[in-house]
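Start from chain A and add chain B according to the hints.
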Amino acid sequence: MGAVVGTLAMQTRQRRPSRDKLDDELELSVVCHRPEGLEQLQAQTSFSKKELQVLYRGFKNECPSGVVNEETFKQIYSQFFPQGDASTYAHYLFNAFDSSHNGSIKFEDFVTALSILLRGSTTEKLQWTFNLYDINQDGYINKEEMTHIVKAIYDMMGRFTYPALKTDTTKQHVDAFFQKMDKNRDGVVTLDEFILSCQEDENIMRSLQLFENVI
Amino acid sequence: AAGVATWLPFARAAAVGWLPLATKIMPKPPVEKKSRNDEILFVNVSGLRFQTWKNTLDRYPDTLLGSSEKEFFFNEDTQEYFFDRDPEMFRHILNFYRTGKLHYPRQECIQAFDEELAFYGIVPDIIGDCCMEEYRDRKKENQERLAEDTEAENATDAPLPPDSTRRERLWRAFENPHTSTMALVFYYVTGFFIAVSVIANVVETVPCRPIKGSKKELPCGEKYSLAFFCMDTACVLIFTFEYLMRLFAAPSRCKFMRSVMSVIDVVAIMPYYIGLVMPENEDVSGAFVTLRVFRVFRIFKFSRHSQGLRILGYTLKSCASELGFLLFSLTMAIIIFATVMFYAEKGTKGTNFTSIPASFWYTIVTMTTLGIRLSKKGTTNAFLHYKEEGGFQLRENETEREMKRDSIHSFTNAADGDGALFLKNRSSFEHQHHHLLHCLEKTTNHEFTDELTFSEMCMTESIGYRTSRSTSISSQQGMSTSCCPRRAKRRAIRLANSTVSVSRGSVQELDTLQVQKPFRPQSRSSLNARTEDLKLNCDDRDFTAAIISIPTPPANTPDESLAPSPAFHSILRNSRSGSFTHETVKISSL
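Protein chains in written order, with the UniProt record's numbering: chain A, 1 to 215; chain B, 1 to 590.
Be aware that one or more of the hints could be misleading.
[What the hints assert, rightly or not] Each computed EDC-like pair below joins lysine to aspartate or glutamate, with the alpha-carbon atoms no more than 20 Å apart:
(1) B:LYS317 / B:GLU141
(2) B:LYS24 / A:ASP175
(3) A:LYS49 / B:ASP38
(4) A:LYS60 / B:GLU39
(5) B:LYS28 / A:GLU212
(6) A:LYS60 / B:ASP38
(7) A:LYS166 / B:GLU456
(8) B:LYS24 / A:ASP201
(9) B:LYS28 / A:GLU202
(10) B:LYS140 / B:ASP129
(11) A:LYS166 / B:GLU451
(12) B:LYS28 / A:ASP201
(13) A:LYS143 / A:ASP186
(14) B:LYS54 / A:GLU62
(15) A:LYS50 / B:GLU456
(16) A:LYS50 / B:ASP58
Source of the hints: derived by calculation from the structure; they are not laboratory data.
All of these numbers come straight from a predicted model, not from anything done at the bench.
One chain only, chain A, in its complex shape (with noise of 0.2 Å):
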């Protein structure tokens, strides 16, 4: 009896985590990736050995295992926006990253993707974006697929934003889109037609400078 009483007592000191992340933390530890060797790594992309260096002790310093999984991503992104909600834009950003599509980026991974990025031409920096946009991969962006990026986009922002967001902003937005992006008017853009429009942008074209030193 005493001994009942006496848990029951301790128990108010105790905090223990949950099980789940406990569990979901051992698994992570056991996964552990290492990341091709540096030299392969900077012929892939067009990084510095340096820059990869910097890159690399940050990327390890933050993700032990050498692997990010979706939620961490998550969690990190949504960070940068704490106004709004990112989760349903990372979960984008994340298949945009992941190249392979094993639910988890390496930081081969993430060094590609910095490196068309920050480093690529136009054309790759374009293309990058368009498969971001295709959800679903199959080589076309159609006005759900674009409404669901947008809305995305937009729930960043959060629900105090001047002008105020009304109902019908999200799908302004994407018309204004389709507008300039399709050409032929089938109801969907392609990867070309994509390519084309915003190079006729200028603004668009500007733009993509901007973020080159970055790194």
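The following block gives chain B in isolation, referenced to the frame of chain A:
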């Protein structure tokens, strides 16, 4: 934490995905003023040389090693930073920078650890969960011990000041008996009488040999009732005298009367006086007998004479909550089992469990493993049984002038305060983050605001303010609704931490531009920052500018706290413009 800083370039790169959707031009990215070459720093702590990347130390700019304060310790001859502190402790400090978690080494003295933390500018609240409880316990223990020691020291003080009144001297004699011979004598006399009184209480119930001529055995108390009465009277007189003297001598009578010892004294002598006053009739004599039980409390008077008893009292007091919980759970169990027993035995004839309170007794006795036997009908051995039947928005002007003014302003600010490096450390991260948010705004053609303004806007939409937009600071708590409640408190503490750091160098944080009127900062942090911040240029220009200052996010690595805790904390400044022609400043809150 480091995590956020590491992933920012990736988040910015991912912004490329928004570009085709944007209808407006993206804002220019902030200019990188310094090269980002990483270098290895040497830190020499009393001979033990540590080496680390500069970036590692830069992760926490509000500490000594992360800020420019370490330059004061730079040794030109050996090109290293020299600290004349404990090298063993430094290991833990440095690990904090590397991993983002501060651990408390169990073998170290808690005060030494605290001192090191204070020196390096680290707030103890960010100790990781793994070590927090140990740290807190040790700290509490230490504080209690210190309090006791100081108390003891004060008690055995130096000799009295010469010009003290008789009253003070008397009080002193009572509190520290060994100061004067008289006091010592009195101390021993009272002790003796307490012992005598207690023994008398015990002895008077012992059966003595019967008086001549009668067979019945009497307790000694009744046989020698006069003797016992005299002894009792003498003791009570002594105790009363002592109590009155103490009352007279006490520096604060009210406080004395409320203290535990005086209550015990009163309880010890009251029964006697009540007994004197009460008439000798049968009705109240029962109550009187109960009152005599209180005489046994005289034994507690010994706690003035025994340090150990007092310590026992303190121990009980300090674990009062745990004991209380024990009692509570015991009560719960008693009630449950008593109820069960009552309903189980309800049908049986002649049962002892006539009601639930009656079952309590059985349950208590059983749970405390005493055990009683209940009489069953028809059994020969029947025993007598008793019945007793508980972050943010960066709105920068598109013109070049703003950027220039920005840089000029930041230079002047840097020149003002200490730590020009401080400015660069902080603001580059903020710059980039705000640029990212700004791009998002441009993509969606909407701007970030906060709750208050949003509701205001909804109300005033019809009136048609052209440019009057003001934001007020949204509460930090409101932002982070998805975080664990456990973290909320930590964040609040971290908030305070970063607030402190903010006020240290908040002048430099302003990469700002314009503001119309004096700010009315509303967040807690901005109240702190207020005094330093308001050196902004006021101008009558008609545009918005944004001021962001975000202290580097406090220690929180993503893999430890994967709860989405926005580790940022920004100061929102609110400038409300009275007139409609001005635009006000907006700040993003993160």
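Structure-based check of each hint:
{"no.": "1", "hint": "B:LYS317 / B:GLU141", "verdict": "14 Å, holds"}
{"no.": "2", "hint": "B:LYS24 / A:ASP175", "verdict": "16 Å, holds"}
{"no.": "3", "hint": "A:LYS49 / B:ASP38", "verdict": "13 Å, holds"}
{"no.": "4", "hint": "A:LYS60 / B:GLU39", "verdict": "18 Å, holds"}
{"no.": "5", "hint": "B:LYS28 / A:GLU212", "verdict": "12 Å, holds"}
{"no.": "6", "hint": "A:LYS60 / B:ASP38", "verdict": "17 Å, holds"}
{"no.": "7", "hint": "A:LYS166 / B:GLU456", "verdict": "16 Å, holds"}
{"no.": "8", "hint": "B:LYS24 / A:ASP201", "verdict": "11 Å, holds"}
{"no.": "9", "hint": "B:LYS28 / A:GLU202", "verdict": "15 Å, holds"}
{"no.": "10", "hint": "B:LYS140 / B:ASP129", "verdict": "17 Å, holds"}
{"no.": "11", "hint": "A:LYS166 / B:GLU451", "verdict": "16 Å, holds"}
{"no.": "12", "hint": "B:LYS28 / A:ASP201", "verdict": "18 Å, holds"}
{"no.": "13", "hint": "A:LYS143 / A:ASP186", "verdict": "11 Å, holds"}
{"no.": "14", "hint": "B:LYS54 / A:GLU62", "verdict": "18 Å, holds"}
{"no.": "15", "hint": "A:LYS50 / B:GLU456", "verdict": "51 Å, violated"}
{"no.": "16", "hint": "A:LYS50 / B:ASP58", "verdict": "19 Å, holds"}
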